[in-house]
Each structure stands twice: as structure tokens, then as C-alpha cells.
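**Q** Assemble chains B and C onto chain A, guided by the hints.
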Amino acid sequence: MSAPSLAPITTPSNGTVPTPGNLFTLDNRVFCCYLFWATVLVAKMLLMSLLTALQRFRYKLLALVPLKLRRKIFPNEEDLFFKNIEVQFDDPHVERVRRAHRNDMENILPYFIMALIYISTNPNQDVACNLFRVASLARIVHTLVYAVYPVPQPSRILAFGTMLLITFYMAAVVALRTLSFI
Amino acid sequence: MSAPSLAPITTPSNGTVPTPGNLFTLDNRVFCCYLFWATVLVAKMLLMSLLTALQRFRYKLLALVPLKLRRKIFPNEEDLFFKNIEVQFDDPHVERVRRAHRNDMENILPYFIMALIYISTNPNQDVACNLFRVASLARIVHTLVYAVYPVPQPSRILAFGTMLLITFYMAAVVALRTLSFI
Amino acid sequence: MSAPSLAPITTPSNGTVPTPGNLFTLDNRVFCCYLFWATVLVAKMLLMSLLTALQRFRYKLLALVPLKLRRKIFPNEEDLFFKNIEVQFDDPHVERVRRAHRNDMENILPYFIMALIYISTNPNQDVACNLFRVASLARIVHTLVYAVYPVPQPSRILAFGTMLLITFYMAAVVALRTLSFI
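Protein chains in written order, with the working numbering: chain A, 1 to 182; chain B, 1 to 182; chain C, 1 to 182.
In isolation and in its complexed conformation, chain A is listed as follows:
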């Protein structure tokens, strides 16, 4: 802070790198990269809600004309604008989007916390930024091959495993750094 020191940065004799003052600012390139990709993933997750609603309403609107064929996919009674539609829970398209959304919550939300606390260990900047990029892109691919356009199996499991492995790697780094505080 204040005036930058002219003396070279020296590693203390015990071999640990001194932790910088504050890593959670826009001056930290890693934090900025996290901010950008976390924002993308938050937006992607919220779009899943809208995609679910869209799936429900698509059938709803389609159904306005042929009364008999109308799909019955609204889970709550007050969502039924027409009394002759029954509550139903098993529309396959809606359920697929909801499973993808749940999978997002299971994986992306722990990743948010893990990546945030991983930044506090002051990791190598290039490694950290690339981990954030790969993990985020993998989840976008996961959504595409799961909820938007179903694709045969190895694709989804690879996309799923990519973020999982990255999160486990971050967990290992953080756990090793803080093992003495068990």
C-alpha cells in the first residue's frame, strides 16, 4: 500500500511466501477472472429457471387451440388458468431441464465457494485463471448437451467430470495449506 518499497521482496527464512494484504480486490487478476466467470455461471443458472418456465408455457400456449391435446404440466393449482387442466408433474421435457438445473446446483454452487476460498491461498495466476475458464466452459457444454439438445452419453459425463476434478483439485490445494487448523 502507500509507496511501493524499493527493496526486493524477500522470502522469510521459514520458507513461506508472505501473503499479500488483500486478494479480494479488482487489483488482483485472479479475482477479476473469477468475478467474470462466476457471473457467467450465475447468469446461466438463472436462465435455467427461465428455460423451465418457457418449457411449461410453450405447451401452455400451444395448447390454447386444441383443448383436448393440451399438455398438463403446471405443478401448482393456482398456475392453472383454465379449470379443465389438471396438475401434472411428469412432463419429460420439463423434468429433463429440472434435472439439469438440479445438477447445476449440486456442482456449481459448491464450486463458487471453493473457487472463492481458493483465491485466498494466492495461487499461481495463470493456473487459477485457466481453471476458472475451463470449469465454466465445461458447465456451459454440460447444459447444452443435457438440457438444450440431448447428445449420446460420453459428452455429458466428460463435461460433468471436468468441473468436478477442478473443484477437487482446488479443495486439495486449500486443505493442504490449512491442514494445521483442523
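Source of the hints: derived by calculation from the structure; they are not laboratory data.
Backbone N, C-alpha and C fix where the C-beta goes; we use that ideal spot for every residue, glycine too.
Certain hints may be false.
[Unchecked claim] A few chain C residues facing chain B, derived, Cβ under 7 Å: (1) Ala43; (2) Met105; (3) Glu106; (4) Met114; (5) Ile117; (6) Val174; (7) Ala175; (8) Thr178; (9) Phe181; (10) Ile182.
[Claimed, not checked] Rough simulated footprint, nothing fancy, chain B against chain A, three-plus residues with beta-carbon under 8 Å: (11) 30 to 42; (12) 105 to 112.
**A** For chains B and C alone, kept in the frame of chain A given last:
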């Protein structure tokens, strides 16, 4: 920190506002406001768990007297204190509370991360505080009209949309600030 | 930072304790303790995904020999490597693991946020560290008695209640500190 400078705060010649040292302290009014309303929302979410349990036990306790009429709503076998109750998953009151709880997870948890990283961009204090207040109150209304006392449709979708729009606005602000770190 | 001051720390005349510069660094023992146990819980949650997949594949692999007895538990059509297996959603072992996983999301994810912002109120170090330890161990016990080896009821509700009470305690502390920013 230390003694406050008497010199006026000057914007650097490149036009960017200098980022302050640390925004995640109790000295930052925006962070304190986030703390308060995030706490309220966390408490609200945890009360949903208790509300679900209450719904299950209400029928349980009611059922103690008329053995035949007792509702069978416990999902796990070890939750059945009486052997003649079967496992069941489709009690409408319990399922409604659980859908509301799931909707909370889908929307409030990403909002927590988004609002936290939005603070790091040092937003206008009044705008940020009011966004936190409106978003939190909207979700409380959402729970009331969804899980506690069902109300006809426009109310719930408005409450849902309010936090969704606020989260998207924060995402846009953060993404624009960090676009160069893609 | 730099050289420690020789002057005694004095409480300002208004009675508030001065907040230290930055609590979210590896210099703060409470934050390190949070890092370690949050990492453990993130790893535990991600293992639930793998446990679900394992449950699905266990039956899958077992089923390879006796074609007629093979369990049908894959929710998506593209997961069916053999055409004569139908999509099914109600395998009791898989559903139990998934309920445990959902319960994790409902409780651990809000706890992550709550504990993180609780640190910013600069709590007593021993109290905070022990809260993190007890809450995390309680959730590990919860997973064991729920998803791995089902145990009669009082055990699961005690493990569930422990983290719930700790989260409510943290919420009360934070809310009282920030009540003026409502």
C-alpha cells in the same frame, strides 16, 4: 488506514476511480447492508426446512387418534414410528413447501454469490443497499404467497421476477467491469 | 502489518472495538479454520454425486449377467446403453442418496455463506473455530446415518439440528451487529 490524508482524493489521469483497500469490512456501509439482508434470507431458507418438518409432523400428530385416516408422508422407513404407516411422497402440502424451498435454492443461493462479488466492484452505496433490500423483501413475499398462503398467480411471478432482475443487473455490472479478464 | 505497534490497543471512547484491516487472509486463524472445514464439506458434497452415480452403476454392472433382473434406474434415455432397459425414477437406494444430497444443499450451502460473513464480524477465535468444527462433523455424521448406513431416527435429527442451530446462532450474531443497516 492509519491517519486519514488531508489531500483531496484525485482521480488518476487514466480516468479510473482508485479501488479502495478493502470493501469486505464492517466499515463499508454496503457490506453491512448485505450482511443484514443475507442473514435474513439465510434464516428464511432454514425456516423452510422446519416448515417442511412441521407439515410432516402436523399430520403425524393429528393422526395419532384416528388410526385409519392418518396421512402417510414420511419419506424414509426409519421415520415411521408406527409400522402400519407406509412410506409416501405425494402429500400436496409438503410437496408445495418443498417446491418453494427448491425455488429458494435456485434463486437465493446464486444471488448470495452475485451480490457478494457485486460489492467488490464498489457500487454506488444507495443503489446497492436498496437493491439488497428490495430483492430480500421480494423473496419473503414469494415465500408467503407460495408456501404459507397460496395466492392467485401474478403475485408469485412478480416476487420471483424482482430478485431475478436484480441478480441479472448485478451480473451485468460485474461482467462489464471484468470483461477484459475473459 | 509491518512492525507491530508498541502502544497498547485502546478501545475508542464510543465503546466499539476497532475492526481490523482484513479478516479474509491466511493470517486470520478463524478464516483458515473456515477454509479447512469448508473444503471438507465441499468434498463431502461432491462425493454425494459420485455416490449417486455409483448406486446407479452398481445395479447396472450387476445387471449385465441376468438380463431379466436388471434394475432400471437411469433417468435419461441416453444413459441406457441397452435398449431393453426402461427409464425409471424410483429406485429406493438411489432416491435415498438423492434426498440426503438435497438436504446437504438445503443446509450446507446457506451455512457456507453464513459462516463466511460471520467471520467478518471478527468473532472470538476459539468460539468460531469450534463452531466450524462441530457443524462440519455433525454434517458428516448426518451423511453417514442417512445415505451410507441408515440408523434409527434420533441420530439423523440430532446431526441435522446441530448445524441448523449453529447457523442460526451465527445469523443472530451478524444480524445484531448490522441491525442499524436495515
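**Q** Decide, hint by hint, whether the structure agrees.
**A** Tested hints:
no.	hint	in the structure
1	Ala43	violated (19 Å)
2	Met105	holds (6 Å)
3	Glu106	holds (6 Å)
4	Met114	holds (5 Å)
5	Ile117	holds (5 Å)
6	Val174	holds (5 Å)
7	Ala175	holds (5 Å)
8	Thr178	holds (4 Å)
9	Phe181	holds (4 Å)
10	Ile182	holds (6 Å)
11	30 to 42	holds (count 10)
12	105 to 112	holds (count 3)
Against the hints set out earlier in the document, a violation occurs for number 1 only.
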